[in-house]
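**Student:** What follows is each chain in one-letter form.
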Amino acid sequence: MQRNHNHPTIVTIEKVINETPTVRTLIFSDDVMSNVLPGQFAMVWIPEVNELPMSVMISQESGKAAFTVRKHGPASTGLYNVEVGGQIGVRGPYGNSFDLKEGKLLLVGGGTGLVPMMRLLTFVKSTDDVTVLIGAKSKEEVFFEDLANSLLKNNSHNVIVSTDDGSYGEKGFVTDLVEKLVDETHYDGVYVCGPEIMMYKTVQSAHSRNIFVQASLERMMKCGVGICGSCCVGEDLACRDGTVFDGDHLSKNKEFGYFHRNKAGILENY
Amino acid sequence: MNQLLYSKLNSLIKVEPSIATSIGKIQLDKPVMLASGILGISLDVFNRLYRSGAGAVVTKSLSTEPWEGYPNPTIFSVKGGGWINAVGLSNPGAPNFAKMIEPNQNVPIVVSLVGSIPEDFEMMIKQFKNCKVLAYELNLSCPHVAKVGLEVGDDPELVTKIVTAVKNTTAVPAIAKVGLGASNYLNTVSTAIDSGIDAITAINTVRATAIDVETQRPILSNKFGGLSGTPIKPIALRCVYEISSKYNVPIIGCGGISTWEDAVEFFLAGASAIQLGSAIGDNWIGVFDEINKGILQYMQRKGFSTIKDMVGLAKKS
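As you go down the protein sequences, you meet chains Z and S in turn. Everything in the first sequence is counted per my numbering, starting at 1 for the first residue and increasing by one. Everything in the second sequence is counted per my numbering, starting at 1001 for the first residue and increasing by one.
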């Protein structure tokens, strides 16, 4: 029977990498998930625990994909705790993907928001000049720096890490760095994924200078296919219209940067 | 013969058919409505759906207090078609929701309500005193939450009390949404009619489950949910046919409708309007205008000038 992308496909975790004390990457074999576009996500079922939307992480091996997860709530902690040999269900891929420009590119990622950025790096042309900004709270929460450098080894590139406490790389918020960089350079494309405030500020910095910018939004999701409405952001559904939105569109959205909805659908401030 | 003559007359005087319809006192410009439970938590989304061709939108079923619903997985795609969901009636609660839709001017909004006792419904309707509400739809048929929905619909005494209370609280039309529970759903229909209900929506999702063979676990966190989408369409159609054959009550058809042909089938079985939900998951929101357009073209081709001309036609001998 042909694979129905809405039906969970059961995959087995083959390898677990500890990225930081709270972040793990779980690798599995799946041709469909290995070939998703940057920005697309899967709904990941942890049997008897929960199901949650996850951006699909790349694997260095062909035919394999991964999820990079930070333990936080019951669902993400459930996924984090899946061991080698454990089975999870994946459905999708869902959502749109980044519109990759050519030339000078700026990629901004915070925490597991780096996942779609790493996949985006596998699509850049060797002629592109790529800057990657990695934001983290502290040194021990920095990951994917080496991976970004290795994915860009054939490009003119710069991978910059900033930590809020200054324990590694530059000290301060990554958004202050963004503001500085877009002031100096007219990028052909800026791409961001991470905490909402980080995305909001990055979009503002770039959009106000007429620089093309896209952000991949995160919202509470139940169905992933545009039925339940849980992930609505203004009139947009993150799962179906996004998760990637243009800065121009986002700058007109009343909820982006300010509100998300809780499980009951009530707007809450960020 | 009459139909043929009518069609010829129509083409001579070039009367454009109209897809406007009425469900008793409820007037709609377009006959395709958004079913309850789907996408219904933001006024911005309602506006978008209205612009996309929805004749009306039915809200998620609202309760007196906010409900978080069940943990994920809350939805499962059935191989071969259809969805099983156990979202668990998550909603912001009637008071919050009423505040959210207060600014609404344009969108015909049907407010769906869920509760266990008449007082729940009275309290909720009072919240909407400053809102433009086209109708209230009473959820007497959700198949996966205890003490509400089907458990209420299966209790004729409670149905009588709730419908009577609603009719005594508001002049806005009230619709009862029925489904297939433990008792004969036609009893719920007749009880609601006897208590003064203005219209019936038939049907809700049908209680169902799914098990993963690899992990040998039920997939939904709630284990049981409601089956929607194309697999239940023939059942819903049968119910509309039965209700319209037995009772003189305006009917809204709901269950697995995804094409204009499906919609027309429901009109022919006795529905004055239809609702859809699962089709959005499969075809996204362009489905409203696609179905409206298909209905209009069918009416032009067959010489129908109004939706009313088609309602219940399959039962005529």
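Derived by calculation from the structure, the hints in this document are not laboratory data. Be careful, since some hints might not be right.
The list that follows gives simulated cross-link-like pairs (lysine to any residue, SDA-like), each with its CA atoms no further than 25 angstroms apart [as the list claims (entries may be wrong)]:
1. Lys254(Z) x Ile1101(S)
2. Lys252(Z) x Leu1043(S)
3. Lys71(Z) x Met1123(S)
4. Lys254(Z) x Pro1095(S)
5. Lys263(Z) x Lys1161(S)
6. Lys1099(S) x His5(Z)
7. Lys263(Z) x Asp1194(S)
8. Lys15(Z) x Gly1093(S)
9. Lys1099(S) x Met220(Z)
10. Lys1079(S) x Lys252(Z)
11. Lys1126(S) x Leu267(Z)
12. Lys1223(S) x Lys254(Z)
13. Lys1223(S) x Ser29(Z)
14. Lys1223(S) x Leu267(Z)
15. Lys263(Z) x Lys1167(S)
16. Lys1167(S) x Asp1194(S)
17. Lys1079(S) x His7(Z)
18. Lys1223(S) x Thr9(Z)
19. Lys1099(S) x Asn269(Z)
20. Lys1161(S) x Glu1065(S)
21. Lys263(Z) x Asp1282(S)
Label-pair ranges, simulated between beta-carbon atoms [said to hold, decoys possible]:
22. Ile1235(S) x Lys125(Z): 48 to 58 angstroms
23. Ser1305(S) x Asn262(Z): 18 to 28 angstroms
24. Ser138(Z) x Gly1286(S): 31 to 41 angstroms
25. Asn35(Z) x Glu1122(S): 15 to 25 angstroms
26. Arg3(Z) x Asn1283(S): 16 to 26 angstroms
27. Pro1234(S) x Ser208(Z): 36 to 46 angstroms
28. Leu267(Z) x Gly1024(S): 45 to 55 angstroms
29. Gly1024(S) x His5(Z): 21 to 31 angstroms
30. Trp1284(S) x Asn253(Z): 15 to 25 angstroms
31. Asn35(Z) x Ala1020(S): 44 to 54 angstroms
Every residue, glycine too, gets a C-beta built ideally from N, C-alpha and C.
**Student:** Given the hint that Lys71(Z) pairs with Met1123(S), test it: the Cα-Cα distance must not exceed 25 angstroms.
**Tutor:** violated, 41 angstroms
**Student:** Please verify whether Lys1079(S) and Lys252(Z) have alpha carbons no more than 25 angstroms apart.
**Tutor:** violated, 39 angstroms
**Student:** With the threshold set at 25 angstroms, check whether the alpha-carbon distance from Lys1161(S) to Glu1065(S) stays at or below it.
**Tutor:** holds, 21 angstroms
**Student:** Against the range 44 to 54 angstroms, how does the distance between the Cβ atoms of Asn35(Z) and Ala1020(S) compare: consistent or not?
**Tutor:** Holds: the Cβ-Cβ distance is about 47 angstroms, inside 44 to 54 angstroms.
**Student:** For the pair supplied as a hint, Lys1167(S) and Asp1194(S), confirm whether the alpha-carbon distance does not exceed 25 angstroms.
**Tutor:** Roughly 12 angstroms separates the two Cα atoms, so the pair holds.
**Student:** Mind checking the hinted window 48 to 58 angstroms against the Cβ distance between Ile1235(S) and Lys125(Z)?
**Tutor:** 54 angstroms Cβ-Cβ, so the 48 to 58 angstroms window holds.
**Student:** Keeping to a limit of 25 angstroms between CA atoms, is the pair of Lys263(Z) and Asp1194(S) held or broken?
**Tutor:** violated, 38 angstroms
**Student:** Is the distance from the Cβ of Pro1234(S) to the Cβ of Ser208(Z) consistent with 36 to 46 angstroms?
**Tutor:** violated, 56 angstroms
**Student:** Is the straight-line distance between the alpha-carbon of Lys1223(S) and that of Lys254(Z) 25 angstroms or less?
**Tutor:** With a Cα-Cα distance of about 37 angstroms, the restraint between Lys1223(S) and Lys254(Z) is violated, given a limit of 25 angstroms.
**Student:** Range first: 18 to 28 angstroms. Now tell me if the beta carbons of Ser1305(S) and Asn262(Z) are that far apart.
**Tutor:** violated, 48 angstroms
**Student:** Checking one constraint from the list: CA of Lys254(Z) to CA of Pro1095(S), max 25 angstroms. Satisfied?
**Tutor:** holds, 22 angstroms
**Student:** Take the C-beta atom of Leu267(Z) and the C-beta atom of Gly1024(S), compute their distance, and say whether it sits inside 45 to 55 angstroms.
**Tutor:** violated, 35 angstroms
The structure does not agree with the numbered hints 3, 5, 6, 7, 8, 10, 12, 13, 14, 15, 23, 24, 25, 27, 28 and 29 stated previously, though it agrees with the rest.
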